[in-house]
Amino acid sequence: MVHPNLSTEKHLLLRKKADWVWTETLRIHARSPETRVASSLSPIEMLVCLYYGGLLAFDPRNPRWEARDRLIISKGHGSICMYPILADLGYFAMSELERVCKLDSFLGGIPDPVIPGYETVNGSLGHGPGVACGMAVALKRKQSRNKVFVMVGDGELDEGAVWEAIMFAGHHRLDNLVMLVDSNAKCMLGHSREIMNVFPLEPKFEAFGWLTMTVDGHDIPAVYAALAECAASGPAQPRVLIANTVKGRGVPSLERDPLCHIRTLGQQEIAELIGGGCGPRV
Amino acid sequence: MAPASSRMRDVFLASVLARMKTDRRLFFLSADFGSPVLDVVARDYPDRFINVGIAEQNLINVATGLALEGFVVVAYAIAPFLSMRCYEQIRVNLGILSQVRPLNVNMVGVGAGLSYDVSGPTHQALEDLSIMRTLPNVEVLSPADGASAGAIAEYCLEHSGPKYVRLDGKPLASLYETGAAVNVEMGFHEWRRGTDVCLVATGYMVHTALKAAQILEAENLSVGVVDMFALSKYKASELSDVLGHYQTVITIEEGFVGKGGLDACLNEALGARGGQRVHALGLPSRYSFRVGDRDEMLRDSGLGEVSIAAKARECLRR
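Residue numbers (numbering that gives the first Met the number 0), protein chains in the order written: chain A, 0 to 281; chain B, 0 to 317.
Chain B extracted, bound-state conformation (with noise of 0.2 angstroms):
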């Protein structure tokens, strides 16, 4: 039973944690940047845990050669840090590198979206989706709870390959019963089937997606959510099947819209599909100065669960 809310680092690395008592091939970096969880992993195994600094390049690289030598790597950092700061040694030493050597380093970064709300746009990852899902060779995940953050972290350590793990900065409600509800290979979970329109959203926005079906069905429109956790490798027929019968997909990211990210991964995959209509939402291309209130943000850039709502009555109007 999962409980009401949770952070989605802390379940991360208490999967990574219990590991790492089993598994001596598990390595822990990270760029000073830290949790209670990850207290303990330095405390209970100094020699597989090293904080290299506030220094993501190196980060990367001394990442790159502990999983050539064997080992499974974690590299922990604030997401825009994370994905950004070290964006060629990434495209270097995990993306190219690892067509030809297997390694296993996985970029865990906190702070999806505009979960540093108050941090301003040093802070904020709105791009690391679209510049991830760029690289081949590099999958990209982007959990929506605690419950799914863990069932990641079990994939994460389970399969070789360099991976973004995009994490919330906040905690969250718990949307998932178990980790064992999350099947990471299919890469989506189909929470509501209709007929009508489908939202189809990444990380936080999943909640604001299940919120506006339920203003759509007390309308009596039949309203499918989905839960795409997997932006680069997923299975595309299994997801093609799902949408497929929804004339119109509202696709809704914590992220700049048509750059890339969540709107492009389902345009790729119902791109074969005629007559089928997508349509992106998420954050206008422009930084935002506002200092405040995360779902305040949200509802300014039409998305929250109300504009949602509206969008997709607008769809169907059409």
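This is chain A alone, in the form it adopts within the complex (with noise of 0.2 angstroms):
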């Protein structure tokens, strides 16, 4: 399903865009290897159609206006591809995609809530979907209309706390939170299916009584009508969209590696990729 106000003009734009933040994401890890590169690879079509598409309301240059969409990166390692949407939509400068992990850089390894655009603090797994919770409550106390969005990895659904805020959202009907699961299979060791088989995942958020969705990741239509849907007004439930992804998109030694999550490229191979028609273009 091709979403209504997704135009070919719209859909060319996003899917240079995600070629875009690709590329500069592997450039990021050629320049601090100390990057998580497979994870990051993964959400960038949902990230891009967020940012890019006008489905989440955001502003560079007030970075907590009250009026913003709130959006929680709960996968932090695996989010270096914000970095460069951060830079490029303004909420700081291009040139400090130079100095990821460099001494006394605001944007480490792991994102921290110093870089604006980031809400709390990420990484340590589990955390962001009861904060989400929070935030959604209060924001309908507010009587805001504003969206939480919060993205969890599949591995991180391992984490006893995400339930109890899956559990929390559905009991409470938050209709304004959205969860994004980068459902890209791997955990740092291995395939999720053999080390927490979490899967299947949709009949669990039914059952705690969200409204559910699965597209594949990187199609970015059907991730833009998924996400559109997630965002519009509906029924009185909680919203998760389940994006099947590849973690390492593009990269075709990470895709075939289980052990990609703790994988560092090296600079003869992001210099193939970039440079010779490798990449995630559909």
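What the hints contain is simulated information worked out from the structure, not anything from laboratory work.
In this text, a Cβ means the ideal position worked out from N, Cα and C, and glycines have one as well.
Any given hint could turn out to be false.
According to the in silico footprint, chain A covers these stretches of chain B (three or more CB under 8 angstroms from chain A) [as the list claims (entries may be wrong)]:
hint	segment
1	41 to 51
2	56 to 70
3	95 to 102
Keeping only pairs whose Cα atoms sit at most 25 angstroms apart, straight-line, the calculated BS3-like set for lysine-lysine is [stated by the list, open to error]:
hint	chain 1	residue 1	chain 2	residue 2
4	B	LYS258	B	LYS234
5	B	LYS310	B	LYS210
6	A	LYS141	B	LYS20
7	B	LYS258	B	LYS232
8	B	LYS210	B	LYS169
9	A	LYS139	B	LYS20
Far from chain B by the CB rule (all over 12 angstroms, computed), these chain A residues [to be verified]:
hint	residue
10	TRP19
11	ASP58
12	MET93
13	VAL147
14	ALA164
15	ASP174
16	ARG192
17	ASN196
18	THR211
19	ASP215
20	ASN243
21	PRO257
With the hints as a guide, dock the two chains, each given alone in a separate frame, to form the complex.
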């Protein structure tokens, strides 16, 4: 299904941005090998659709703008792709991307809320959903129409605190809360299914009272349409978008490696990837 | 005029209830833990009260989200569960985050020390003061009676930042005439001034320290007593002035001794002074499965007034 608001031009723009973010994420990794590159390549299309597709209210000149939608990146270390997006949108200078993980840069290997555009402490997994629940309740009490988005990884769903939050959101019918699952099906030490099989996700969320949508997380029209539906008014239920993604998307050596989470790419491989026509283009 | 005795939780929550009438920013979260006053909060302010269920991790995370949006939050639960089940949530979302984003979350734990005596070690809070003191940016408050709990409630609602408030599980005799007598920002209260030895206590042990001082006074020993109700943020130089002339200071806490609680707090405060002895009294580093009376269990561990007086005499003989 293609969303009526996603014109061909917009689709092309989002694809172009996603490709650019992919390239910049690899460039950051080339300069800063401490970054987690594989898990930062899987959520790119979701984040690009939110930020460039008109689905998220934000103001780079005023990151704490009261009328913004809140976005929590709970899988913090897997979001280095946020750095080029935030720089491109004007949250900070593009030149900061040169200094990721360097002495006194505010852009670390795991993002912290000292970065304009980040709401909370991220990377210690399992905290985002509960904090997002608190924000969603608060926005309702403040009569705000803004949404709260929270991105988690499928491996992060092993954390018990996530399910406390999922239960809470369902019980309180937080229809202003959208959880984005970057379901790349790999944890740090291999395939999620083999380590702790949390799948299938849909019936679990449905049992807790959530409205569930599943898409190919790299298919921009599908991601856009699902996000637009999540953000639209509808039943009094929290929404979850389960995006089936590929960890290390566009990098063959990462895509086929179950241990790609902890892999660092060499300079030559990155140069060939960026220059050699490889990449996530659909 | 204070009643003869009161429950800290009732006084604390009455302050919160009164404030909820006028302050729309105040939000109350409970982890399925109640009180008669809380029933009124839930009835009168259903839009600003949520029982999150038996889920302390989510309690802290939801509190964080509300606080980031400008609400002043009280997060209420049984002390050991509030301080230990969700310790990493407290560290990440309150300790770390509050350093860069202002938030006012007040963790109110009931069941200080051995106050849930017959419930056994799961329900007793003997580590909470130590582990909460370890966290930067988190204030630790430990009142000794209802009036001081009420004063601490007012302070918490007025002052931003994460705080851990340790309330007793049992009704306690009143010490302070009113909450106005409690200077929370000072962090301590000097109950008696002496010359020979000073007993510095927190929570329920302040009551025992005052009884021990009476025993010693009858023996013509001059004993000071200080109630240390703030264990992380207090006026260190004023405390140092109050304690400076004593050769011997004895700390008394209803928690594991030598683990970073009140004793460590006093060592920090007095560390710069040479020649002053700090003796630490508290519970030994083991869990007790003994079922029974709190005072009996405290006496067993040398924390009755008679043992404390004996310890003071011993220190003075040295």
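Hint check results:
1. 41 to 51: As far as the segment 41 to 51 of chain B goes, the hint holds, because 4 residues have Cβ atoms under 8 angstroms from chain A.
2. 56 to 70: holds (count 14)
3. 95 to 102: holds (count 4)
4. B:LYS258 / B:LYS234: holds (22 angstroms)
5. B:LYS310 / B:LYS210: Given that 25 angstroms is the threshold and the Cα spacing comes to 14 angstroms, the pair holds.
6. A:LYS141 / B:LYS20: Cα-Cα ~17 angstroms, so holds.
7. B:LYS258 / B:LYS232: holds (18 angstroms)
8. B:LYS210 / B:LYS169: holds (18 angstroms)
9. A:LYS139 / B:LYS20: Status holds; Cα separation ~20 angstroms.
10. TRP19: TRP19 of chain A is indeed farther than 12 angstroms from all Cβ atoms of chain B, at 30 angstroms.
11. ASP58: At roughly 17 angstroms from the nearest Cβ of chain B, ASP58 of chain A sits farther out than 12 angstroms, so the non-interface label holds.
12. MET93: Holds, since 23 angstroms exceeds 12 angstroms.
13. VAL147: Since the minimum Cβ distance to chain B is about 8 angstroms, VAL147 of chain A lies within 12 angstroms and the statement is violated.
14. ALA164: violated (6 angstroms)
15. ASP174: holds (16 angstroms)
16. ARG192: holds (26 angstroms)
17. ASN196: Per Cβ check, ASN196 of chain A is outside 12 angstroms of chain B; nearest 23 angstroms; holds.
18. THR211: The claim stands: THR211 of chain A keeps its Cβ more than 12 angstroms from every Cβ of chain B (closest is about 21 angstroms).
19. ASP215: At roughly 30 angstroms from the nearest Cβ of chain B, ASP215 of chain A sits farther out than 12 angstroms, so the non-interface label holds.
20. ASN243: holds (27 angstroms)
21. PRO257: holds (28 angstroms)
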